[in-house]
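Here is how the chains run, residue by residue.
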Amino acid sequence: MSLIIVLAQASSQGSQNGAALAFSYIFYIFFIALLALSFFPGVQQKTQIMFLSRDVEQKLQMIENYLKDSKSITEKLLKEKGFPDPKAFLDRVMDRFVIDPVSIEPTDIINRMRLLMRSNEDTVREMIMSANPNLDPMTRSQIEISAEVVNALNLIFKVIRHYLIMAKKLNSIMIIYQLQMVAPIYVKYAEAYSKAQKVFLQGIPIGDGLGPLVASKFLMKSSQKFTVSKDTIAGTLEFEGRKLVVVKAEGPMATVGTPGEGVQNVIEREGGKVSRIITVDAALKLEGEETGTIAEGMGVAMGDPGPEKIAIERVAVKYGIPIDAVIVKMSMEEAITEMRKEVYQAADKVIDYVKRIILERTKPGSTVVLVGVGNTAGIAQ
Amino acid sequence: MAISADSKQALKVKTVVKCMQCDYTQERDFQVGDFVLKLVGNCPKDNGPLYIAGIYAETLNQKK
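Each protein sequence line maps, in turn, to chains A and B. Residue 1 is where the first sequence starts when you use my numbering, and the numbers rise one by one after that. Residue 1 is where the second sequence starts when you use my numbering, and the numbers rise one by one after that.
For the record, the hints were derived by calculation from the structure and aren't laboratory data. None of the values given here were measured: they were computed from a predicted structure. The C-beta atom is built at its ideal place from N, Cα and C for all residues, glycine as well.
With a straight-line cut-off of 30 Å between C-alpha atoms, the simulated DSS-like cross-links for lysine-lysine are: (1) A:K195 / B:K12; (2) A:K225 / A:K309; (3) A:K87 / A:K76; (4) B:K12 / A:K198; (5) B:K12 / A:K81.
Part of the chain A face toward chain B, derived, beta carbon under 7 Å: (6) S216; (7) Y344; (8) G378; (9) A380.
Sample of chain A residues at the chain B side, in silico, Cβ under 10 Å: (10) P212; (11) L213; (12) T376.
Hey, can you work out the whole structure from these sequences and the hints?
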């Protein structure tokens with residue numbers, strides 16, 4: 001109503017010149033038209049979708065840039081390492097997938113899952129080695145990691161793009177709202193993956209290497225080291241009258257090894273006469289928690305989808321062995337990029353924790369298995 | 001899952017070298033090829049073997 005009054009007042013002011021008057025009329029007509037349009041059903045929603053999808057498109061663009069960057073780094077690496085057709089190789093591994101085993105019938109699902117995961121790892125490794133059979137294990141692991149990063153970024157990009165296109169097609173404000181909420185989180189993940197690839201290629205230990213770092217500090221005192229399972233090594237040493245068997249992934253290649261199977265083999269080798277299993281791993285902190293803080297608990301500290309973790313739980317149940325867990329907290333980005341000073345410094349404190357657990361909870365003459373869980377890039381033994 | 005706002009911080013990667021026999025410690029910039037437990041020469045104090053004890057990153061304004 002006030003607009004009409006304003007319009008009437010404006011029209012009655014004869015002193016205004018014609019151009020200004022015409023402009024103010026156009027302005028008011030435009031304003032009223034907009035106001036009227038907003039009352040039509042669907043217009044508001046379409047406007048919101050337009051603004052929200054523009055925001056998601058920007059995020060998608062950022063993810064695509066990380067993907068392109070990662071692809072070009074990998075292609076360059078493959079070219080340097082003598083791959084005949086880097087682009088064709090990358091196109092093949094970029095869209096690789098592993099289909100989850102049937103879960104409606106859960107019997108033996110772990111063995112099926114292990115088979116699928118291991119077969120996939122072995123197949124990618126064979127593909128790399130067949131392209132260049134002379135690769136050293138360090139370079140091979142760097143190519144494996146690069147392929148995984150490109151694969152993960154490609155998946156993030158495609159899924160976000162899929163929902164964006166679908167939301168536009170269906171004109172669904174609910175999908176676009178959800179997408180707009182999660183897109184910034186996936187941009188952060190994509191950024192972390194992109195950074196992680198550069199760190200792995202330089203051979204710098206990552207935050208997740210905390211477990212292997214602790215294990216390596218024990219293993220440097222061990223004269224007996226042996227392979228216990230694929231990409232996994234163990235060593236024995238004596239600590240305060242106890243036999244300590246330390247297990248970690250075989251470094252300094254970028255691998256997490258197969259610590260579950262490794263621990264299982266070690267315990268079977270000891271005839272089940274193990275009084276304690278201690279697992280050490282990096283863990284994701286909650287916002288507000290300090291990086292490098294240590295916590296202690298029970299259970300297998302391991303961010304594994306299932307097969308490795310359950311292998312330790314099963315062998316522990318079989319012989320009635322308690323499992324201790326010591327974790328060091330960090331963010332997701334800190335876990336997959338350069339090991340931060342706080343995490344490095346926490347390694348020595350974790351060693352004290354482990355020693356205290358051994359002294360408090362085991363007797364002299366007993367055997368203890370210590371597992372340093374995590375990616376051992378840049379950490380030998 | 002924590003997504004800290006630390007992604008824009010510039011990091012400097014350091015290598016910590018220690019002697020296996022004495023308390024000699026040296027910190028230097030990371031060089032490609034460094035890895036933990038790599039032997040990197042002899043100690044200037046007692047000629048014992050020097051090894052890489054750790055590699056870590058710190059923010060450029062972080063206090064040592």
